[in-house]
Amino acid sequence: MLDNHILSLSIWVPILAGILVLFTGSDKNATLARWIALAGSVAGFLVTLPLYTRFDRADGDFQFQEGFDWIPSFNIHYHLGADGIAVPLILLTSFITVIVVLAGWEVIQKRVAQYMAAFLIMSGLMIGVFTALDAVLFYVFWEAMLIPMFLVIGVWGGPNRVYATIKFFLYTLLGSLLMLVAFIYLFHHTHSFEIVDYYMLPIPMEVQILIFMAFFMAFAVKIPMWPVHTWLPDAHVEAPTGGSVVLAAIMLKLGAYGFLRFAMPIAPDAAHYLSGFMITLSLIAVVYIALVALVQQDMKKLIAYSSISHMGFVTLGMFIFNPLGMEGGIVQMISHGFVSGALFLCVGVLYDRMHSRQIADYGGVVNTMPTFAAFAVLFAMANAGLPGTSGFVGEFMVILGALQQDFWYAFLAATTLIFGAAYTLWMVKRVFYGDIGNAHVAALKDVNRREFLILAILAAMTLGFGLYPAPLTEITHATVTQLLSHLAQSKLPGTI
Amino acid sequence: MTYMQKIYLLIPLLPLLAAVVVGLFGRKLPRFTAHLFTITGVGASFALSVLVFQDVLAGHIYNGAVYTWLTSGHTSFEVGFLIDPLSAMMMVVVTFVSLMVHIYTIGYMHEDPGYSRFFSYISLFTFSMLMLVMSNNFMQLFFGWEAVGLVSYLLIGFWYTRPTAIYANLKAFLVNRVGDFGFLLGIGMVLFFFGSLDYQAVFSVAPQFADMNVEIVPGHSWSLLTVVCLLLFVGAMGKSAQVPLHVWLPDSMEGPTPISALIHAATMVTAGIFMVARMSPLYELSTTALSTVMVIGAITALFMGFLGIIQNDIKRVVAYSTLSQLGYMTVALGASAYSVAIFHLMTHAFFKALLFLAAGSVIMGMHHDQDIRNMGGLRKYMPITWLTSLIGSLALIGTPFLSGFYSKDSIIEAAQMSHIPGSGFAYFAVLAGVFVTAFYSFRMYFLVFHGKSRWMEAKDDHGHGHDDHDHDDAHHHGLGPHDKPHESPWVVTLPLIALAIPSLVIGYLAIEPMLFGHFFSNVIFVDAEAHPTMHELAHHFHGAAAMGLHAFTSLPFLLAASGVALSWFFYMKRPDIPAAIRQRFELVYRILDNKYGFDAFNEKFFAGGSRLIGSKLWQIGDVTIIDGLFVNGTARLIGRVSAIIRHLQSGLIYHYAFAMIIGVFVLLTFFMKK
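Going line by line, the protein sequences match chains R and B. Numbering that gives the first Met the number 0 numbers the first residue of the first sequence as 0 and each following residue consecutively. Numbering that gives the first Met the number 0 numbers the first residue of the second sequence as 0 and each following residue consecutively.
These are calculated hints, taken from the structure and not from any lab test. Be aware that one or more of the hints could be misleading.
[To be verified] Restraint-style ranges between C-beta atoms, simulated for each label pair:
1. B:65 - R:65: 36 to 44 Å
2. R:463 - B:453: 53 to 61 Å
3. B:60 - R:65: 51 to 59 Å
4. B:24 - R:28: 37 to 45 Å
5. B:64 - R:4: 34 to 42 Å
In this text the structure is predicted, and so the values were computed from the model without any measurement. All residues carry an ideal CB built from backbone N, CA and C; glycine is no exception.
Looking at chain R on its own, in the form it has when it is part of the complex (with noise of 0.2 Å):
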């Protein structure tokens, strides 16, 4: 029975499992919170895993596939599925979890359940982001996986937790309520909520035009594109590692995954007639960001701008309307979950030994810390996008598909290998080579047995999808095809 419901077990074993965290109370069952915590991030990762094994890469519809009525008078469903381009961001999710989990175990001493509930309950609704096909379903996700973000830097963060919090906030809800009136738009002409009744509807341009903005409203904000970008440094910087790791490797997604979803399949013909303009976004993000993350001095803000920078790549992908593109950018989608992850636990684990980000803190940490040191130096090459790692595939794709498109989107998009190996390897220059900057270095312990287990993990998957990234675009395969068949016909009155 239970193998009809793969997505409901995805989404609610790790809410149930947080739940249950949540009953051991104070902090002083922090060891059984904890073990409760990893017991349910790995059930929640087992469950995901036959989402891998039984997908029929033939297939481009959706799989998996179940629901029922929920609200009848308004027709809306519990209706669960995934396509090639969900289930690998699911597993990523349910993967990272266990990571973040894994993280937080010695290092959040206060508020321990509270900690790994809100990580598992966020787990479980963001599946749901990426699971639910009626719209109603979707917007609840949306908006309550936002809840456990907002404790999680509010009462975990750093100094200026409250500052970023409401930054935070502000953006998001913002563009999230005008999505919500474009499905209430979509709503009063199908009499449905199920995303795929909006697939067929057809809107004359000037009203699709409205609904991708209002999309791109919610979306880009998340992603985030530039200009709406301004709250993720904000954000990172003070969040606790967890957060900023499940804000860097999964969030951002969601917002490239809602264009994906929604935006462009509902107003196909606005996506193309916008293209050119969600291009430049891109493109801006990739150099322009490039160029910002150059000269910070905050680890965590550059690894923040640093994200914004690839996730250009992403959108870039997504606008230029070929199979290159596109894939090359869902590659670079679960690429950057690994490595800005990997990335922002190497932050943390300097700032849990040094309690600062600052670069100019650090130096000649080799010395002191080397395996941690190789570590950080696979990862930081990872963000540069070196061949034989995760990082290069996805860039490579798009970079790729970019000239089929255009010869200087190309170009500008390529400027990334000179100003990502730029911003990178310079910060791993100053704050791992060179002599021991100062007496606080020169006491680093190197990693533990857990953080080398954390850090290994990321890396074997980082080196693993770079040598051999066939399996994930196998999955993404012939959803990809379907989806560019789909945005290639016109949605137009009298066109269909």
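Following the hints, complete the assembly by docking chain B onto the known chain R.
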């Protein structure tokens, strides 16, 4: 999988396996296992490469995929091997030099705390380089291309506490990335227009595009193949250190000497040359591209040679010589004499690795003093190093019958015969380069091995000159006035001897099959009608012996001989003359000493400019405009507006009553008027 296919796989994988094992567990295992594992790996790889080479000579060429990396749309990216005479020869050269360097490292690095790390890196390099040369497609080529860049980065910064080393490795990586930027765009053009990244597929369709034009810049129509070839060549300029992307190579000497020999002289830096030769079917279709290649090579060959004259660091002299020789190879490529370029690549790999390793041996003898002004007379103390250095230097300057002579003379002739625009300049540059090469090579040779032992006169401070080892207070740097240098141990001298033999004979043996035989006939493509250089070279060639004999009366030989003679006169007979010249031509010296200002320009303009733009974008774009004006501005605006509106809620009943009365009055007026 056939028997041979398994061997093809083993050749790169054995060094990789050794690198991984030593890299991961090296710190836990006994020290000797580091060199045991890696030497076994690369040694087996060399033996198998020889086997493959013989198999290829027997006519067995292999081209096939190992696995599909990924598929997107209708494009498949594969990892696969192309085993033909070109790659087989490269495999033998790479694994042989690598094996020699591995052995040498036992002696050179034996005191270094990073012993196992070093072996792991050089084995990883061997793997990367083999993947590069064995590739049958552009994607894997790019993988190897960047992977060797990574290892180069790691090795230049091997002594990571030294500020100069970690500056140099970042610089090397970034400059190489500039090259890779062009290279990647070139690969993108190849995929877009030719529909594949597989060499064979691309080469077979390329001729159909010979007359196709593209408009990259609107209004300017350029030949597609010229654009593709030039973009790919940008990559070659980075990796093979051609002007203006050469700036990283001299600084790379911050790395330990064995890797200067392996990576920054014999193998990695020749990747660009190899790539262009591999792409000969494309380059043959664009005379414009060839002409550009030739001119850039000629500039590098001559002007980098000049810089070798004024260097006092023994490794830097050899480094500039490498730059100059890479320029020679590039000239050959531009003259459509791809096989000559590859031939010089091969001979150069042997004698330049020899020269570097010998320099390392000298550095060890001098207790890590690298300044040639402190040396002299080492001939007596280090006989094997001296003799092998002499062989290497003679080969480098093109002494008849030695390996460098055959390859270099062929390049000069090729430049002379070529009709491509720019060949006149190239011919002049390579000819003048012969004199320059001979001069700086023997300047170094005489200063190091002959004359007075100057460290005996040196004051007690060892302030000048670099030292090539980790700063370690217990360690003694440089020789004291009463010290005597010792010949290096056998693990160091054995590779010197093993490299000296091919430096002597390989040119004589290989010129006929490689340049004029059928060795490269199915690999390197030359359009004999458009570019008849090789044809004319063959016309003038009457056997290796005749070529050697004929050389004694030729212009290059006279130039080389006068270069040697002049350096002898300047540095052995009248050391006051160079000093006087230097004072007299202060400006010229300053230009050369500043390396034509490339470094200063890059540092100010590119590095400084990027940082400036970055901080302006951040401070003005993000902080002031987006956050200040829009985000916080919106918040402030709402705050201000509400601060004003707040006054309406005064809490006083009569205010509200007054407002109500006014309201009622207004409404009444409005409706009554209607």
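Structure-based check of each hint:
| no. | hint | verdict |
| --- | --- | --- |
| 1 | B:65 - R:65: 36 to 44 Å | 41 Å, holds |
| 2 | R:463 - B:453: 53 to 61 Å | 56 Å, holds |
| 3 | B:60 - R:65: 51 to 59 Å | 55 Å, holds |
| 4 | B:24 - R:28: 37 to 45 Å | 40 Å, holds |
| 5 | B:64 - R:4: 34 to 42 Å | 41 Å, holds |
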